[in-house]
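Using the hints provided, position chain P relative to the given structure of chain E.
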Amino acid sequence: MAGSALKRLMAEYKQLTLNPPEGIIAGPVDEENFFEWEALIMGPQDTCFEGGVFPARLTFPPDYPLGPPKMKFSCDIFHPNIYPDGRVCISILHAPGDDPMGYETSAERWSPVQSVEKILLSVVSMLAEPNDESAANVDAAKTWRDDRKGFEEIAKVTVRKSLGL
Amino acid sequence: MRSLLLMGLSLGLTAAVIGNAFYQKKQFYPSVVYITKSNPSMAVIYIQALVFVVLMGKLLRALFFGQLRAAEMEHLIERSWYAVTETCLAFTVFRDDFSPKFVALFTLLLFLKCFHWLAEDRIDYMERSPAISWVFHIRALSLMFVLGLLDIFFVRYAFIYTLSKGPSVQLVFGFEYEILFTIVLMTFIKYVLHSIDLQRQNPWDNKAVYLLYSELVMGFIRMVLYVAFVFIMIKVHTFPLFAIRPMYLTVRAFQKAAQDVILSRRAIRHMNTLYPDATPEELSSGDNVCIICREEMTTGCKKLPCNHIFHTSCLRSWFQRQQTCPTCRLEVLRMPRTTPVAAAAPPAQQPQPAQAPQHPVNQVQNPFQNMQGMFGGLPFQWPPNVAGQAVPPPPFIWPPQQQQAAAGVGAQQQPVSSAETPSQIPITTSSSTNNVGATATSPTVPLTTANSLNVPPFAIPPFMPPMMPPLFSPFGFPPPPMPMTGLSEEELRVMEGTERANIEARIQWLRDIQALLDGAMVLINQYNTVANHIGTFGINTAPVPPVISQSGLSSEVSSGPHQTYSTWWPEGSGARPKYTSTLSKTQTTDSPNERKSSSTVQDTVVSGASGFTAPREEIIPAWENPREEGHEDDMHEVRKRRLQHFTQQLQASYSTPTLCSNGNSDNSGVPSSSIKKDEEDH
Numbered sequence: 001m002a003g004s005a006l007k008r009l010m011a012e013y014k015q016l017t018l019n020p021p022e023g024i025i026a027g028p029v030d031e032e033n034f035f036e037w038e039a040l041i042m043g044p045q046d047t048c049f050e051g052g053v054f055p056a057r058l059t060f061p062p063d064y065p066l067g068p069p070k071m072k073f074s075c076d077i078f079h080p081n082i083y084p085d086g087r088v089c090i091s092i093l094h095a096p097g098d099d100p101m102g103y104e105t106s107a108e109r110w111s112p113v114q115s116v117e118k119i120l121l122s123v124v125s126m127l128a129e130p131n132d133e134s135a136a137n138v139d140a141a142k143t144w145r146d147d148r149k150g151f152e153e154i155a156k157v158t159v160r161k162s163l164g165l
Numbered sequence: 001m002r003s004l005l006l007m008g009l010s011l012g013l014t015a016a017v018i019g020n021a022f023y024q025k026k027q028f029y030p031s032v033v034y035i036t037k038s039n040p041s042m043a044v045i046y047i048q049a050l051v052f053v054v055l056m057g058k059l060l061r062a063l064f065f066g067q068l069r070a071a072e073m074e075h076l077i078e079r080s081w082y083a084v085t086e087t088c089l090a091f092t093v094f095r096d097d098f099s100p101k102f103v104a105l106f107t108l109l110l111f112l113k114c115f116h117w118l119a120e121d122r123i124d125y126m127e128r129s130p131a132i133s134w135v136f137h138i139r140a141l142s143l144m145f146v147l148g149l150l151d152i153f154f155v156r157y158a159f160i161y162t163l164s165k166g167p168s169v170q171l172v173f174g175f176e177y178e179i180l181f182t183i184v185l186m187t188f189i190k191y192v193l194h195s196i197d198l199q200r201q202n203p204w205d206n207k208a209v210y211l212l213y214s215e216l217v218m219g220f221i222r223m224v225l226y227v228a229f230v231f232i233m234i235k236v237h238t239f240p241l242f243a244i245r246p247m248y249l250t251v252r253a254f255q256k257a258a259q260d261v262i263l264s265r266r267a268i269r270h271m272n273t274l275y276p277d278a279t280p281e282e283l284s285s286g287d288n289v290c291i292i293c294r295e296e297m298t299t300g301c302k303k304l305p306c307n308h309i310f311h312t313s314c315l316r317s318w319f320q321r322q323q324t325c326p327t328c329r330l331e332v333l334r335m336p337r338t339t340p341v342a343a344a345a346p347p348a349q350q351p352q353p354a355q356a357p358q359h360p361v362n363q364v365q366n367p368f369q370n371m372q373g374m375f376g377g378l379p380f381q382w383p384p385n386v387a388g389q390a391v392p393p394p395p396f397i398w399p400p401q402q403q404q405a406a407a408g409v410g411a412q413q414q415p416v417s418s419a420e421t422p423s424q425i426p427i428t429t430s431s432s433t434n435n436v437g438a439t440a441t442s443p444t445v446p447l448t449t450a451n452s453l454n455v456p457p458f459a460i461p462p463f464m465p466p467m468m469p470p471l472f473s474p475f476g477f478p479p480p481p482m483p484m485t486g487l488s489e490e491e492l493r494v495m496e497g498t499e500r501a502n503i504e505a506r507i508q509w510l511r512d513i514q515a516l517l518d519g520a521m522v523l524i525n526q527y528n529t530v531a532n533h534i535g536t537f538g539i540n541t542a543p544v545p546p547v548i549s550q551s552g553l554s555s556e557v558s559s560g561p562h563q564t565y566s567t568w569w570p571e572g573s574g575a576r577p578k579y580t581s582t583l584s585k586t587q588t589t590d591s592p593n594e595r596k597s598s599s600t601v602q603d604t605v606v607s608g609a610s611g612f613t614a615p616r617e618e619i620i621p622a623w624e625n626p627r628e629e630g631h632e633d634d635m636h637e638v639r640k641r642r643l644q645h646f647t648q649q650l651q652a653s654y655s656t657p658t659l660c661s662n663g664n665s666d667n668s669g670v671p672s673s674s675i676k677k678d679e680e681d682h
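Chains as they are written, first to last, in UniProt numbering: chain E, 1 to 165; chain P, 1 to 682.
The following block holds chain P by itself, in its conformation from the complex:
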């Protein structure tokens, strides 16, 4: 109402002034001269111009913004006051070129600044508004376009003017419009980010990060601009007092942006390294509402050491402010870093799955060092449920005294026991070959028969023990693995992740396994040498084409009862956690009975870890008559083929150093059973 009155008054005054001029001079030109010569008339005209500017502003505001919200209005008025004071300060610097034109330019600048601020506020509001209409988008885009164009135009104008006429007040305008242009740019970036976010169905986690970085860059540009401006102003005129406040604010904003970026990076780093992802089980059990955003958690969640689970993005933004658990305020950074230790521990314990399964019987740490004591007093409990077929576990006990006595005498049993550990893998391989060979050549012969005979080679040479030790030593076997019993579910989960630490852990595992494999290779070579030396059988004698064997292998693998395990190794490390967790579970059980039940797993692990071929022998029907003499010839034949196949594989695995190359790595437990049978034979 009051503004209407003022507008009417100003309009009336202008009309009166112009009417008076025309009344006195009668003609256009003299009346214009009259008005410009008369100060009161000019004052009225200026006031009228101001009123027009305000009206124009209202019109544009209605066009671009519609109704302003209370907060926006408040913000605008507050900033306008600062701007007006700064403009007055600028007048003092440029008092020499003070003129109506100068005032008009400053008014225009202020006018445009207001629109920049409003645009900024509006775009910020985007994120907080429940509904964004297309009108909003059109308004925002056109406004930013117009403002950007105006800014560029004025910057260019000031630049050309300063170049042609030397430094003047245009310097100030040039810098001011440059700053305004950065505001438009930043507003546009925000607009784009918000728009993308609005289009998405699920939250966009990285938006905050992009915003932070764009703030940082813009803050830096603005700071550089201000510093350059102050520098030039000091050189040309005097210290620009009016620029101090905005410059201070800019520097502070930049500092805050930099700090935010640092904190954000730290938070992200901590998120990635310190805290494990929450598993689906954890999410599905109990209350799965993220306490920060009050939304259900389905994926992308992190678990803190205090077992509270949050969305990764929510937690990150909170950690940017504070490094405490939002729920229990546990100072997560001051916590002893349990999780990273757990993540680092698996690599150290890593050889375990490769070796431990070789001795399902006990948990001897280093079979290569403790060979003598290895079977001491250990009940040789053979897994009865290998392949689900009922192999009766014979009471196979090696009394230590007997073993030691045998070592001295070179009794027949001794080689078996001492060569047991290293020869496991060969046995595995050969048995697999055996399997295939049996199927390929003599389908009528039950596989078990062949199986039953695959061990004698190890038991036959009585002079093996003397040979073995010197051959062992040169090839430094990997250090004894740490027991995996200490691995908790959580630690295992850590390994499942996709972060660097987890992958490193997995690679470490694989490397250790490879080392073990290499050791096994050496043993195999020794075995071959010995075998050739003895002349019992040759490696290159059997003519079984490898194609057949491969197909036989694969088919057997796929039909094996341990299909779940048969698939994991070729896939690479992805399925590893499953394997390790099973293993750890298995190994925590120390009592023989329990081990019996889990021996299948362990056996699977053996083969998986060793990476050797050996299809599952579980499929093989039960051992019916191991000592049947009628199969003697078949057995020899089969053994030859087995060995040949094995040699091929050996070469293949030498050419391809990664363990995973063997897809059919999944024999389960037959080596042990075959050994046992073998020993029964003797």
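Next comes chain E alone, as it looks inside the complex:
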């Protein structure tokens, strides 16, 4: 009987492989270690990130699903809710105890109901609709708010970079 975290991750991997959601590919980096995942996220359509493919790393804690995984984009991405080093700042990835931005209610926090799929879908919708109220990247939030054109230009560059162009 393997650990419950491992079993749950295997179940989620199977689920994601059998019914992959649109625009998302995710799986363990290697089958020996199910606690490190790599995800590829397609930029949502009709947004400035359209067409981009953004790789990200998901690191699961040993007590998953009681604790949230960490998600970090491994490419450059200029977005109000993504730290300059690539870490994603969305409320469902925060453990109920801590509140880095000080305004999330616990109802938006991590709970075992969440899953890799839900996290990635949330990230896709976050890409489509940045939340500049709780900015992880203040520059990006400012640009998004004041200079939408400039933000879109930078996003286009990001998309091109993510495609290796």
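Because the hints were derived from the structure by calculation, they are not lab data.
Nothing false has been slipped in among the hints.
25 angstroms max Cα-Cα, derived BS3-like pairs, lysine-lysine: (1) 7/E <-> 207/P; (2) 7/E <-> 118/E; (3) 256/P <-> 70/E; (4) 161/E <-> 72/E; (5) 303/P <-> 7/E; (6) 72/E <-> 156/E; (7) 37/P <-> 101/P.
Then chain P, alone, in the frame of chain E:
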């Protein structure tokens, strides 16, 4: 590549130094002296020794761990840096005995620490690895064995050294190795727990608890060690700066372990007391995947007040962090405690099943107080389907005026009505005896005939009413039971559980039933007294051997149409929920028609609750000719035997106070029917 280059360089330098020494001195001893006297040569030799240590480490690592994972490497390097800084701090304390040997000992300590950390990481990884090979087990076991031996050896060495030569730097080593030994111990405990878990087919719920407690104990030992160490160091040398960080970490780890244990205990307590187990029906209906572990739920599941169901173990580990429902985030602890109330309520309502069935006719709460009004305006709807035989429900209506008038006059009907409630149980018993006696003695006589006559005793004495009230009062009857209609399915389910609260509830039920039984006993005694007084029949006259009657009873019980009910009582409380749920269902129906349909159940309940013998009379063929005079003698005979049998049972039940002692408690509904017949007679 770079490390290879460094190694080659160091090897070359050493070769050059040694070659140079031999070239100059030509002999072994002078060249050794030359090398040790020359500082540059010694530096080269030290570097070479370090390289060897590193090589040795690589070899051992390859032997015990194989390839290190990235996370392990990262962890190791991070911890090594802290350890190196602390070692440098320790040097400042022991600058007086600074020597190559001292440095070597510290290097060895660091070296061993690295292996302890790696072992810890490896064992932690066990739980997260999809496949554990036997190589892993061999490596882990041998590594832990070697590390443990080394730790013990060094602790012992430091202890003897300190005893013989007084406090020195060996004190530090002794404590360090003791701490390392606790790490080995903890790693071993984890290894054992993980191994047991791996061998199991289904999840091991208690593993987390064992881990928590072992963490707590180990954390405590480590903390005590550190405190003692700091204390001794302050006394002997000076404040050990280098021990502050590990000590702080240890105290914090211990605090966390203690907190975890407290939270875990609280979670378990809540699980056990607040939330009911999910029933198989709930599990089988709809989505039965536990949202926490994404596995199917088959057994061991709990239902929260918000109706979300989870594995008990999953829920417990989640509650250790947060007291909310994982699905809907309902704050389960702030909920009004509905479930415990429900669990507590049944005991209060508990006498109901014992009494309510006595009056299938209505829901009078306290028959002993409301005797007068009891039958007032109540349609006496006798269960037609007692035993599935069609006993036509006669329109047996007792107008209250009539009853009251009768009470004054002492009319023949009155005793029946007033004695009705208390005498039910006697009737039941006697009818059962009757049954047996009839079968034993005169098989030709239809049982119904005997049955038909079992009531007259109650109707005969006209002076019974005056006697009854004074006899009743001294024996405090149990308080009126609360109606069970309020019991929902869920509340009933609560009683099914095996937790303390549920068992207490059941015991409370049983006690109340016992109280009722005692009351019934009193009535029976009164009945006997009256009967003896009248001289109509004696209790000890009939010579029916009890063995026969018992066998007859049991056979009848087993063949009865209510077999499902006939089995429940002797089993004890286990089957009780079934009974209660049926009862509650029955009692929620207030309309006479519905009650009619469920009267069988109620009757069964009567007998079950009273714990009296009375085999099922349903089996008795339909009442054919109650007033047939030809059976008069038989009836008397039968009545005697019945009473005798009843007395025996009475004694038996006095000697054994628990109700459950009567296995044949399961007559169904005949008392009422017999009474009715009786009244028809009159």
